[in-house]
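In order, the protein sequences belong to chains C and D.
Here the first sequence stands for residues 205 to 452, numbered as in our numbering.
Here the second sequence stands for residues 35 to 344, numbered as in our numbering.
For the record, the hints were derived by calculation from the structure and aren't laboratory data.
Hints may contain errors.
[Stated by the list, open to error] Stretch by stretch, here's where chain C covers chain D in the computed footprint (C-beta under 8 Å, at least three residues): (1) 80-94; (2) 107-120; (3) 133-139.
[Claimed, not checked] With the Cβ distance kept under 10 Å, some of the chain D side facing chain C (calculated, not the full set): (4) G46; (5) S103; (6) M123; (7) E127; (8) T130; (9) Y171; (10) H183; (11) A246; (12) R248; (13) E250; (14) L301.
[What the hints assert, rightly or not] Here are the simulated lysine-lysine pairs, PhoX-like style, with alpha carbons at most 20 Å apart: (15) K169(D) <-> K285(C); (16) K165(D) <-> K285(C); (17) K134(D) <-> K211(C); (18) K211(C) <-> K144(D); (19) K134(D) <-> K104(D).
The model shown is predicted, which means the values in this text are computed figures rather than measured ones.
From the three backbone atoms N, C-alpha and C, an ideal C-beta is built for every residue, glycine too.
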Amino acid sequence: MLAPLIKKEFRSFTRSPLGWVLFSYTILMEGICLSTAMKSLADTPLSENLVYVTFHTPNFWFFFLFLFPLITMRSFAEEEKSGTLECLLTTPVETSHLVWSKFLARVAFYTLLWIPGIVVFLSFGWITDLPTPFILEILVSSHLFLFVLGIYFISLGNFASCLTSNQIIAGIITIGFLIIQYFLGFVTVIWGSQFVAAEFFTLFSAQAHLTNACRGILDTAPLILYGLLTAFTLLLTHHAVNYRRWKR
Amino acid sequence: MINAQNLTKTFGSRTAVDDLSFTVDKGDVVGFLGPNGAGKTTTIRMLTGYLPPTRGTASIAGFDIQKESKETRRAIGYMPESVPLYDDMRVTEYLTFRGKIKGLSGRRLKERVAAVIELCGLGEMRKRIIKALSKGYRQRVGLADALVHEPELLILDEPTNGLDPNQIRGIRTLIKDLAKERTVMISTHILSEVEMTCNKVIIIDRGRIKAADRPENLVNSLRAAGSVILETQAAPDIAIPSLGQIEHVKKVRELSSSNNWNQYEILVDADTDAREKISKLCLEKSWDLRSLHRTDATLEDVFVELTRRD
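Isolated chain C, as found in the complex:
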């Protein structure tokens, strides 16, 4: 039951201009981040590795956060607007099948978006004929962290999409969620780390966790946190889809 739904969802990216625009956008922005990082390395000798510098350029969070509303805004909003949600849920398909298929297809597409970037990192030494300015473990830990963070952000985007039948509004809600999440990471920067809830805010700081991951330190606490938040958001999405159709 899940396989045809996932396939249908995934193919909605490959056959629509949006999917290819997203793919091009990601490659372009990753390229800009990498070239900015390489310029920094060329200008001054840095103590950090290339992966660290690439994911800490000013462009990175801007492009990263805007990726998710574009990936998820259509998921439920479009089905509801066009009426196909009714068509699906009057077959033996359950709400849970829908929630999982939309989530997994988007996770697969999101994973695919990172592949060109990883290939570029891996071929750095071969292209430039220089010693690779990072170790493989750092590439793995940083991308693993971005993968886990990405699946949480996708679940948030899908949740936002099931709250409305307008995909633009869904996208705006998603970006709102992600900006809140992003600025939670700045709470300890602004107010210091001496207050009671400072540890809680540090746990939510995606920026701090990415910094660690780019240095090869993969903390399991944020991975578990984002995993639990993803599960909770999926559950919330399931209830929201049912609530919205039953109140109609």
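Starting from the known structure of chain C, arrange chain D on it as the hints suggest.
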């Protein structure tokens, strides 16, 4: 096939469907009629498992719509109003996808997709993108989708809505053919469609059943309390009081007037025929008479009579 018992659906303080009970036997072709906002789509959505009833229950093909929702949905082929489809898919691809989520696979899936494409006349359109199809063909794709898993019950919500007369005729013929082998429930307010295709009619208004019977029985029951049309030169101020005094005449009203000829509608009591007395009156009063006939009631008259708000 369908056994609905006290089905009720409320949205906040508004009751959309109120204590609806009806049965549909296997092989029936049922017209589900009602004015806009009568509760037709809400009832269908409850039967198809899209909405849970607030009270009451129903069974379809022996399965409880709430306790055995999945089995119920498997037994139903449903085409919603406005036929929502995935516009970016091709016809065969869409039907294959729908077949898969309805539990078909392998050779059986291929056979069924080919069969419904043939049955619904989609052969030439099988490789077309759905977005490029005309409304009539979209409707056919919707029907093919509803049929792909060979359901015992076919529920069609406004199947000819928005089609041109040729497309309506095509879809209607298709429905007639489909009705030979399965139970069909058609929700519509196009009464000619029901008269032509259905052997049972359920009329609902404001969420309640107003009538449920064979179309001819409903028409006969209205005909019994029907009306007589009289065309004469007698002026309304003279004719209406005189006609109103005839036994069994309930109400007289002027329908039209042209070149001194006035047409009157005379409503009479059930199981009576006042035509003889009216003609005698015309003779007595020396009114020039051009026509005097009983009107044949139609399903439309039944529908208007049962659902009018004035």
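Okay, the hints, checked on the actual structure:
Remark: the stretch 80-94 of chain D is confirmed as covered by chain C, as 5 of its residues place a Cβ nearer than 8 Å to a Cβ of that chain, reaching the required three. Check on the stretch 107-120 of chain D: 9 of its residues sit with their Cβ under 8 Å from a Cβ of chain C, so the three-residue criterion for coverage holds. Closer than 8 Å: that is the beta-carbon criterion, and the stretch 133-139 of chain D has 4 residues meeting it against chain C, so the requirement of 3 holds. The beta carbon of G46(D) is positioned within 10 Å of a beta carbon in chain C (closest approach about 9 Å), and the interface hint is therefore held.
Below 10 Å, beta-carbon pairs count as interface contacts, and S103(D) has one with chain C at about 9 Å; its hint therefore holds. With its C-beta approaching chain C no nearer than about 8 Å, M123(D) sits inside the 10 Å limit, and its interface hint holds. A least Cβ separation of about 9 Å between E127(D) and chain C falls short of the 10 Å threshold, and the interface hint therefore holds. Against a cut-off of 10 Å between C-beta atoms, the interface hint on T130(D) holds, since the closest Cβ of chain C lies about 9 Å away.
Because the closest C-beta pair between Y171(D) and chain C is about 17 Å apart, greater than 10 Å, the hint is violated. This hint holds: H183(D) has a C-beta 8 Å from the nearest C-beta of chain C, less than the 10 Å allowed. Interface restraint check: A246(D) against chain C, minimum CB-CB distance 24 Å, threshold 10 Å, status violated. Against a cut-off of 10 Å between C-beta atoms, the interface hint on R248(D) is violated, since the closest Cβ of chain C lies about 29 Å away.
Against a cut-off of 10 Å between C-beta atoms, the interface hint on E250(D) is violated, since the closest Cβ of chain C lies about 33 Å away. Because the smallest distance between the Cβ of L301(D) and any Cβ of chain C comes to about 42 Å, over 10 Å, the interface hint for this residue is violated. Our distance criterion of 20 Å between C-alpha atoms is met by K169(D) and K285(C), whose separation comes to about 18 Å. Of the supplied pair hints, the one linking K165(D) and K285(C) holds, its CA atoms being roughly 16 Å apart against a limit of 20 Å.
At roughly 11 Å between alpha-carbon atoms, K134(D) and K211(C) fall within 20 Å of each other, so this suggested pair holds. Annotation: proposed proximity of K211(C) to K144(D) holds, straight-line Cα distance about 18 Å (limit 20 Å). Note on K134(D) and K104(D): the hinted pairing holds, with a Cα-Cα distance of about 15 Å set against a maximum of 20 Å.
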